[in-house]
Amino acid sequence: MAVAQPVGVYEREDLLTGCQAVAEGIRLANVDVIAAYPIRPYTEVMDAISKIIADGKLVAEYIVADSEHSQFEIVKHAASVGARAFAGSSGTGWMYGFEALVVTATDRLPVLFLVGNRALDDPGAFGVEHNDALAIRDMGWLLCWVATAQEALEHVLLGYRIAEDREVRMPMALAMDGAFLTHSQHIVRIPSQEAVNRFLPPFDLGERRLHPDNPVSIAPQVNEDWVMEIRRQNWEAARRARGVIATAYEEFNQVFGQRYRPPYSFEEFLTDDAEVVLIGMGTVAMPARTAVRRLREQGHRVGYVNLRWFRPFPTEELRESLRRFRAVGVIDRDFAHGAPDDGGVLLHEVRSCLYPVRERPAVVNFITGLGGRDVSIQDAIRMYEITQEAARKDRLDGFVTWVGVRE
Amino acid sequence: MIKRVEINYRGIFQKTLAKRIGGDIVMIAARMGQVGFSNGRYSDAPERNGIPCKYFAFVSPDLSEEELEAECGAKLDIDEANISVVLDDTMVKGVEPWAWHGVRPINEKVVPYGYLLIVSRRRPEELVRFMARKPYPYYLAILEGEASFAGLWVYRDDLTHERVLGALAALDPQLLSIEAVKGYLWDKTHEEHRVQAAQKAYESVRHNVHEVTPLQGIDWPYEIPKLPKWHEFPEGVVVKAVPREFHLGPKGQSRNQLFKRGTTKSQRPVVRFDLCTKCTLCWLECPDQCFDPTPDGTYDVDYEYCVGCGKCAEVCPVQECIVMVDELAFEDNRSPWEHWKRDPEGYVRWAEEKKGTHRVLPNVVTGTGQRVVEVEPVPAGGKPKPAARAGA
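Those sequence lines, one after another, are chains A and B.
Using the numbering used here, the first residue of the first sequence is number 1411, and each one after it goes up by one.
Using the numbering used here, the first residue of the second sequence is number 35, and each one after it goes up by one.
Fair warning: there could be bad hints in the mix.
As the list claims (entries may be wrong) - Keeping only pairs whose Cα atoms sit at most 20 angstroms apart, straight-line, the calculated SDA-like set for lysine to any residue is:
hint: 1; chain 1: B; residue 1: K109; chain 2: A; residue 2: N1633
hint: 2; chain 1: B; residue 1: K274; chain 2: A; residue 2: D1442
hint: 3; chain 1: B; residue 1: K263; chain 2: A; residue 2: P1630
hint: 4; chain 1: B; residue 1: K263; chain 2: A; residue 2: R1649
hint: 5; chain 1: B; residue 1: K274; chain 2: A; residue 2: H1621
hint: 6; chain 1: A; residue 1: K1461; chain 2: A; residue 2: D1442
hint: 7; chain 1: B; residue 1: K274; chain 2: A; residue 2: T1516
hint: 8; chain 1: B; residue 1: K234; chain 2: B; residue 2: K263
hint: 9; chain 1: B; residue 1: K260; chain 2: A; residue 2: Q1643
hint: 10; chain 1: B; residue 1: K274; chain 2: A; residue 2: A1545
hint: 11; chain 1: B; residue 1: K53; chain 2: B; residue 2: G107
hint: 12; chain 1: B; residue 1: K260; chain 2: A; residue 2: I1640
hint: 13; chain 1: B; residue 1: K109; chain 2: A; residue 2: E1639
hint: 14; chain 1: B; residue 1: K274; chain 2: A; residue 2: V1637
hint: 15; chain 1: B; residue 1: K260; chain 2: B; residue 2: V273
hint: 16; chain 1: B; residue 1: K109; chain 2: A; residue 2: W1636
hint: 17; chain 1: B; residue 1: K260; chain 2: A; residue 2: E1634
hint: 18; chain 1: B; residue 1: K375; chain 2: B; residue 2: E386
hint: 19; chain 1: B; residue 1: K285; chain 2: B; residue 2: Q323
hint: 20; chain 1: B; residue 1: K263; chain 2: A; residue 2: N1633
hint: 21; chain 1: B; residue 1: K345; chain 2: B; residue 2: R405
Since the hints were derived computationally from the structure, they do not count as laboratory data.
Build out the structure end to end from the sequences listed, making use of the hints.
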């Protein structure tokens, strides 16, 4: 991470939780409308933003809604009049507002949402599980996981840049692991407003902006005569988003130094000579990368792929990357009961991505860290060992292991 | 071989009627050893009062049920109809179910030498003069009768259903034989008057079939819209709205040029501007903002947008000032207020002639039918009197 920064783009360092880092990003993005409704672990971002506004550091409408459904509808409507808007939630709260989330995507309104990943009730749990954010995966959303507070702040800026792009205009879910990132404090370098302004243009909804001078009707009843063409448009936007994502990171690097490396949608760690890799999303990168370092000390050729962008899925780049390895272990911090081979959500995305490759690596799956359970370095080492075994024996392909469950 | 029957009906008011006709075609065809099925154009739902809608019935003597469904099922509209039934004759002016469908001819789907069967009390030429010219001959069949209107969830059991089945048997005995129709009705109800209604319609319609040649009818004045490809219209489900404009006088309020909905009406309000007390109620209460304020304080009607709901006539406090009149009495949608300004006495004469002396009381959605009363016309220069209230 120690790369040279252009002088003056960061104005200070501060000790921030993941949620506070997002709030700093909201301040720097000069967000116009924030709608809030509390649920752990998202709540901390709402506290942090209200303090920023109370301190006079951001002028914005801050609306506390009566539920997540209203909260999400408020920001959807705010975006339709051209406001840069922010909301967020966790777990069941996110699910409660789902109807509003779906229409925000079909109406192509680029609102940024924080999803502080939380297990879906029941049973009650505050800890991380990815099923809440993943539920939006087929609905025309941008969906991205960050692994550190620094990334969280920067992806608020990147998120608005990508979501609001004329070629995209899709809502964006910025997902971060509940507790492990939302509530852990790190020293974060905070960009200067001047640098942010150079990177992030003002939000302009153009001819779609709802305004007395530009009367438009949004989302009328259209039936079978139009729906398929409208879905086709949305598909095209999701495809265009891949290119816009790459452009946005390049522009970000130009302003802030070489923060991110291609292909941006995911990040490889010590994979150049690796035979076996694990791939996962979010904070599981920390034990996984630590395990890589320790296993490499013992001569194992292992690496880690941190998948950042789940939607749009980086199909081509990830296919080209993963085909180099003999085996891939997919870490799912989620469940998809009854799915093919009883694997998790990410397993099926990765296997589907690799299917056109003639000489495919073996792909195995790990369900782990559910409900906020720790994923330890030892757990990660065990996952590498199973994946290495799969590389030796083809019959393990598709094998699912629950790691960390009492048995 | 497939026989396709299309049933054009007025949304809500005739939904149950159309559905029963469609369903019974299937049941009767089955008695004859044929395969059939029936469906409604789901896109017409949720229906609105009076909007032109469609029901379909398909019958085949030789195809399997699956093949028939594959050919005709899961389709929202059909390309051609052997028989198009029209349950309200005012639909001959055209049907416009959705904005992007345009105003379409009622006989659009009728095949060469196919049938357009209309429930009407009018003569053929009184109907054909509103209909689109077709490039080939077809038949217009008239089933003598009033349009049967009921309310939502209700069915007006006035034998229209049985009579339409009898009429279909008269037009195409291979589709439905009159024996099968009668046998079905008897087995289902054991009520002789239903069987008789079908039989009488069968006999009368056979003598009320008229060939319509390619010379008859009008050049259709409405453009049929062509829907754009996916990349040819704006993203984000955003439609440009109608800019707000207003001036006093006819068509002084801006309106959506793409969706006029005028084909929804079976009646239109005729206004006696000379009796108007300028109370504003028609203008305030019209659910479709069809009344345009004029410089003299009265209110013009934009008939292109009027759906004929009758609300204005219902709320007008002046006797004989706003009266609903059968839509087929009118040739065009010109401004009545301009007519009145130009020729006040001529307008009153014209209006009273259109109104006649019988009044159908506002069609309140109860399913109990309409009340017809006879009235004394108010002469030009007559004083406004309070309107008699329904039920008063």
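Do the hints match the structure? See the list:
1. For a cut-off of 20 angstroms, the pair hint linking K109 of chain B to N1633 of chain A stands: about 13 angstroms separates their Cα positions.
2. With a CA separation close to 25 angstroms, the supplied pair K274 of chain B and D1442 of chain A exceeds the 20 angstroms bound.
3. The straight-line distance between the Cα atoms of K263 of chain B and P1630 of chain A is roughly 18 angstroms, inside the 20 angstroms bound, and the hint therefore holds.
4. Pair hint K263 of chain B plus R1649 of chain A holds up; C-alpha atoms about 18 angstroms apart against a cutoff of 20 angstroms.
5. At roughly 11 angstroms between alpha-carbon atoms, K274 of chain B and H1621 of chain A fall within 20 angstroms of each other, so this suggested pair holds.
6. Distance check on the hinted pair: K1461 of chain A and D1442 of chain A sit about 15 angstroms apart at the alpha-carbon level, within 20 angstroms; holds.
7. In summary, the hint linking K274 of chain B to T1516 of chain A is supported, as the alpha carbons are separated by about 17 angstroms, within the 20 angstroms threshold.
8. Simply put, K234 of chain B and K263 of chain B have alpha-carbon atoms about 51 angstroms apart, too far for the 20 angstroms limit, and the pair is violated.
9. With a CA separation close to 19 angstroms, the supplied pair K260 of chain B and Q1643 of chain A stays within the 20 angstroms bound.
10. Of the supplied pair hints, the one linking K274 of chain B and A1545 of chain A is violated, its CA atoms being roughly 33 angstroms apart against a limit of 20 angstroms.
11. Restraint check for K53 of chain B and G107 of chain B: satisfied, since their Cα atoms lie roughly 16 angstroms apart, inside the 20 angstroms limit.
12. Between K260 of chain B and I1640 of chain A the alpha-carbon distance is near 16 angstroms, which keeps this suggested pair within the 20 angstroms criterion.
13. For a cut-off of 20 angstroms, the pair hint linking K109 of chain B to E1639 of chain A stands: about 18 angstroms separates their Cα positions.
14. Taken as a hint, the K274 of chain B and V1637 of chain A pair is honoured in the structure, with Cα atoms around 18 angstroms apart against an allowance of 20 angstroms.
15. About 16 angstroms separates the Cα atoms of K260 of chain B and V273 of chain B, which keeps this hinted pair within 20 angstroms; it holds.
16. A threshold of 20 angstroms between alpha carbons decides the hint, and for K109 of chain B with W1636 of chain A the separation of about 15 angstroms falls inside it, so the pair holds.
17. A hinted pair counts as satisfied when its Cα atoms are at most 20 angstroms apart, and K260 of chain B with E1634 of chain A qualifies at roughly 15 angstroms.
18. Under the criterion of a C-alpha separation no larger than 20 angstroms, the hint pairing K375 of chain B with E386 of chain B is consistent with the structure, at around 16 angstroms.
19. With a C-alpha separation of about 11 angstroms, the suggested pair K285 of chain B and Q323 of chain B falls inside the 20 angstroms cut-off, and the hint holds.
20. Among the hinted pairs, K263 of chain B with N1633 of chain A is consistent with the structure: their alpha-carbon atoms are about 15 angstroms apart, no more than 20 angstroms.
21. Restraint check: the Cα-Cα separation between K345 of chain B and R405 of chain B comes to about 16 angstroms, which is no more than 20 angstroms; the hinted pair holds.
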